[in-house]
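Using the sequences and the hints, build the whole thing.
In full-length UniProt numbering, the protein residues as written are 1 to 301.
Source of the hints: derived by calculation from the structure; they are not laboratory data.
No experiment lies behind these values; they were computed from the predicted model shown.
For every residue, glycine included, the Cβ atom is placed at its ideal position computed from N, Cα and C.
Treat the hints with care, as some may be off.
Result set (DMTMM-like, lysine to aspartate or glutamate): computed pairs, CA atoms no more than 20 angstroms apart in a straight line [what the hints assert, rightly or not]:
1) 75 with 125
2) 203 with 234
3) 54 with 125
4) 248 with 164
5) 75 with 44
6) 119 with 35
7) 177 with 234
Simulated restraints on C-beta separations [unchecked claim]:
8) 37 with 191: 25 to 31 angstroms
9) 83 with 117: 19 to 25 angstroms
10) 141 with 54: 19 to 25 angstroms
11) 198 with 285: 51 to 57 angstroms
12) 176 with 154: 19 to 25 angstroms
13) 142 with 120: 39 to 45 angstroms
14) 30 with 152: 25 to 31 angstroms
15) 250 with 117: 52 to 58 angstroms
16) 129 with 55: 22 to 28 angstroms
17) 152 with 217: 39 to 45 angstroms
18) 120 with 83: 23 to 29 angstroms
19) 29 with 216: 51 to 57 angstroms
20) 216 with 128: 50 to 56 angstroms
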Amino acid sequence: GVSQFLECQLDSCPSTCPQALGLRCYEETNCAEGETRLVGGSFDTEGRVEVCHKGIWGSVCATGFDTTDAHIACKEVGVGPSEPIVYNNSYFGDGDVAIVLSDLQCNGYERSIVDCNPKEFGSFECSRSAVVGVRCQDRCSTGDVQLVNDRNLTSEGTVLVCYDNTWGLITDNDWGKQDADVICKQLYYTNGGEAVLGSYYGKPNKTIIYNNVACTGTESSIVDCTNDPLSMDDGRAIFPNVNVAGVKCAMNTTSPPTDLLSGSVSSTSASVGLAIALIILIASIMITVILIIYVLFKKSK
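Right, here's the structure in full:
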């Protein structure tokens with residue numbers, strides 16, 4: 001432990017040693033072996049990959065690190081399974097931690113990156129400019145929406161909208177009732193909703209995707225409304241300086257085909273549900289007609 005090194009009397013060492021010794025100590029933590037986290041990113045789905053190994057948090061060398069390894073890291077932090085992006089040049093900083101793993105050989109089924117037969121600390125060399133980072137991506141369809149809050153409420157919260165496999169936020173600039181009505185309609189709340197401003201339900205650590213959204217209220221999806229789309233970098237840049245949009249939907253609702261895993265509703269679910277209902281109706285009519293014809297035929301004999 002660190003305390004043992006602090007007891008050393010370094011001034012009692014001989015001064016004739018031919019080489020100087022450098023030493024860096026790391027505090028042990030109570031993290032669990034294989035636990036993974038992303039550090040240094042602008043939002044919670046990106047960052048430097050750090051893993052708990054032998055009682056300390058450490059980073060991972062980029063040597064041999066590929067998208068299969070990134071999938072395991074993303075799965076461990078609860079994001080995916082869409083294709084992640086790998087950064088192999090200390091893009092998110094090198095961190096004030098040891099580089100504990102290198103040359104991962106993940107197959108895709110492992111529980112953690114420590115199970116990927118890596119080289120361990122002391123058996124490889126790695127520059128601190130070659131610490132690996134990842135950007136994990138969710139599997140969602142552009143236009144999908146969900147509401148998030150810390151109160152376990154399903155009908156109100158901060159609006160998340162999916163764009164290009166990434167869940168992101170909408171600024172509350174020009175956010176109003178007609179915008180809220182479209183969100184609530186997508187979530188099958190039939191009586192519209194109320195626009196909530198000022199990051200009232202919280203501000204999740206995600207990028208900003210849309211600014212200045214302006215709906216008429218007739219759109220079937222929020223992406224059909226007039227808006228100013230933002231790139232990932234632009235959304236990250238303005239995140240600290242803006243508030244995000246929320247909604248409170250009226251509780252009158254039909255039965256939504258809710259995705260229980262993600263808590264979101266697809267923007268195409270309404271049309272799929274309508275098509276299924278139409279097929280069932282046509283089948284019922286055909287069966288009824290056949291039965292009537294059969295009864296009339298039997299009576300005519």
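- [ ] With respect to the beta-carbon atoms only, verify the hint that residue 29 and residue 216 lie 51 to 57 angstroms apart.
- [x] Since residue 29 and residue 216 have Cβ atoms about 53 angstroms apart, the given range 51 to 57 angstroms holds.
Open item on the list: If I claimed the Cβ atoms of residue 142 and residue 120 lie 39 to 45 angstroms apart, would that claim hold in this structure?
Closed with: 41 angstroms, holds
- [ ] Measure nothing beyond the straight line between the CA atoms of residue 119 and residue 35; if it is 20 angstroms or shorter, mark the hint as holding.
- [x] Between residue 119 and residue 35 the Cα gap is close to 17 angstroms, so the pair holds against 20 angstroms.
Task: Consistency of beta-carbon spacing, residue 191 to residue 37, with hint 25 to 31 angstroms - done: 42 angstroms, violated
Task: Hint consistency between residue 203 and residue 234 [alpha-carbon to alpha-carbon, up to 20 angstroms] - done: 17 angstroms, holds
Task: residue 54 and residue 141 - C-beta distance against the hinted 19 to 25 angstroms - done: 41 angstroms, violated
Task: Given hint residue 125 paired with residue 54 - CA-CA distance at most 20 angstroms - done: Distance of about 19 angstroms is within 20 angstroms: holds.
TODO: Quickly compare the C-alpha distance for residue 75 and residue 125 to 20 angstroms and report which way the hint goes.
DONE: 27 angstroms, violated
- [ ] Decide if the proposed pair is consistent with the structure: residue 75 and residue 44, CA atoms, cutoff 20 angstroms inclusive.
- [x] The given pair, whose Cα atoms are some 13 angstroms apart, holds under the 20 angstroms limit.
Open item on the list: Check whether the Cα positions of residue 248 and residue 164 lie no farther apart than 20 angstroms.
Closed with: 26 angstroms, violated
- [ ] Given the hint of 25 to 31 angstroms, check if residue 30 and residue 152 actually sit that far apart at their C-beta atoms.
- [x] Since residue 30 and residue 152 have Cβ atoms about 28 angstroms apart, the given range 25 to 31 angstroms holds.
TODO: Return holds or violated for the Cβ distance of residue 129 and residue 55 against the range 22 to 28 angstroms.
DONE: 26 angstroms, holds
Hint compliance for this structure: hints 1, 4, 7, 8, 10, 17 are not met, and every other hint is.
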